[in-house]
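Please put together the full structure from these sequences, using the hints given.
Chains A and B, in that order, give the protein sequences.
Residue numbering for the first sequence follows the numbering used here, beginning at 18 and increasing consecutively.
Residue numbering for the second sequence follows the numbering used here, beginning at 2 and increasing consecutively.
If you're looking for bench data, these hints aren't it; they were derived computationally from the structure.
Given the structure is predicted, the values throughout are model-derived calculations rather than measurements.
Keep in mind that a hint or two might mislead.
Claimed, not checked - To be clear about the criterion: a stretch of chain B counts as covered by chain A if any three or more of its residues have a C-beta under 8 Å from a C-beta of chain A, and this derived list gives those stretches: (1) 245-254; (2) 293-307; (3) 310-320; (4) 390-404.
Here a beta-carbon is modelled for each residue, glycine too, at the ideal position from N, C-alpha and C.
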Amino acid sequence: MLLINCPYCGSRPEAEFANGGQAHIARPADPMSLTDDEWAAYLYMRDNIKGLHHERWRHANGCGRFFNASRDTTTDVIKRTYRMGERPEAEHQGAKP
Amino acid sequence: MQKFSALSLLRAGLTGHAGWQRQWRSPEPKPGYDVIIVGGGGHGLATAYYLASRYGVKNVAVLEKGWIGGGNTGRNTTIIRSNYLFDESAGIYEHALKLWEGLSQELNYNVMYSPRGVLMLAHNIHDVQSFKRHVHANRLNGIDNEWLSPEECKEFCPPLNVGGAMRYPILGGALQRRGGTARHDAVAWGYARAADALGVDIIENCEVTDIRRAPTGEVVGVDTTRGSINAKRIGVVAAGNTSTVMNMAGVRLPLESFPLQALVSEPVKPIFPCVVMSNTIHAYISQSDKGEMVIGAGTDVYTSYTQRGGLHIVNHTLDAICELVPAFRRLRMLRNWGGIVDVTPDRSPIVAKTPVSGLYVNCGWGTGGFKATPGSGEVFASTIAKDEPNKINAPFTIERFRDGAVIDEAAAAAVAH
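Rendered as structure tokens:
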């Protein structure tokens with residue numbers, strides 16, 4: 018079980034959290050102007066990175082808030098967690114955010 | 002290829018079993034092949050075998066970054082069934098089941114296919130309605146599946162606990178009698194040996210590091226840890242690593258890779274006569290011929306490539322199994338492990354051409370790929386050989402996510418396969 022550092026509550030066991038998948042996927046500002054390919058890419062295509070991955074978590078059984086984590090998917094080590102609206106640190110941006 | 006038979010066993014026995022050959026060669030990569038298969042798991046080896054045996058393409062290499070059978074082929078819980086809801090799924094899984102039935106004879110290798118029956122338990126009214134719908138849909142597709150009452154479940158699988166005040170009572174079950182298990186390592190080894198005998202080069206410890214493309218876009222070969230190899234047709238069958246490999250050719254896929262765990266108990270005398278699955282409480286259990294209880298759990302909630310997973314996932318499954326089969330409460334578990342499964346949004350596979358000319362992909366089998374191994378290999382071989390999908394895998398495209406023609410077994414089967 019992972020220990021996850023909620024930016025609002027501190028370090029808690031994974032069982033308190035829900036995973037929200039890849040982070041920093043912005044909802045298209047004008048969905049009606051998208052082609053079918055662009056809409057499918059937004060809905061379904063994922064980077065599925067082997068390495069540093071930025072992902073959303075929600076402290077579902079805690080404060081209930083969403084936040085982001087940068088986790089290495091080859092070791093499961095969480096390098097950093099950060100609040101919604103923040104960007105991953107520059108050193109962590111080698112992988113596409 | 003040295004043929005296996007009672008006679009050859011007797012003959013080798015008389016000479017102290019000193020005359021057995023290696024089951025497949027260990028060749029150096031040639032400069033080029035007609036077809037390269039990336040990934041030496043069951044699906045990749047089956048693809049190579051059917052390319053050579055049914056579609057006349059014998060100049061084939063299978064590139065495996067580790068060793069044959071070291072990935073998900075050796076990590077699954079070996080369950081075979083074909084009672085899926087939708088026509089498209091029924092088509093591809095039933096194609097596989099029919100091939101399983103004759104596979105040991107075809108490969109001259111005992112894959113220990115054992116149609117002992119797969120019983121899927123229903124624990125609530127929704128399960129009952131959903132499974133009965135499956136039974137009817139399967140029958141329309143000519144696939145055996147029948148509804149059992151709780152008493153009939155108990156009769157078919159005596160160790161089950163069907164009475165009492167259970168958190169998840171057994172309200173009945175859907176039984177596919179032709180379903181069962183096979184020996185997963187033997188499947189990989191059998192296909193490898195048969196493909197090798199037809200001239201396929203199986204190259205282990207050979208990781209693909211890049212896919213090379215011509216200026217006009219089509220593939221021309223791969224770079225590997227053992228040098229460059231040319232091929233005009235490349236089939237990628239890399240399970241959890243598919244996104245990474247396809248990224249080398251600039252193709253994005255609707256895949257996420259999750260750890261899926263399994264575990265085995267200490268070996269005990271024969272007690273469990275069939276496969277029992279419970280989608281609702283995430284438990285999959287059968288007994289191997291060695292006597293171990295083979296148990297499958299659910300996936301972790303986060304993507305990962307670590308080939309392990311959280312212990313709480315396994316605990317959850319064991320909680321459920323201890324309630325379903327109280328006799329197992331004192332069993333000790335020997336080992337657990339994880340495999341990395343590539344999951345699509347609709348939980349159905351992709352077996353298709355890609356936007357890149359000469360590049361084909363067979364992926365997205367998620368948590369239930371083992372059962373499909375022969376069928377998946379056969380239709381993928383056909384797709385590569387003819388450069389067009391055959392009618393069984395034609396629905397399993399990448400474009401179905403764009404076009405809305407998803408094959409949503411996720412909603413149909415609750416969660417798992």
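Checked hints:
no.: 1; hint: 245-254; result: holds (count 3)
no.: 2; hint: 293-307; result: holds (count 6)
no.: 3; hint: 310-320; result: holds (count 3)
no.: 4; hint: 390-404; result: holds (count 3)
Of the numbered hints given earlier, the model fails none.
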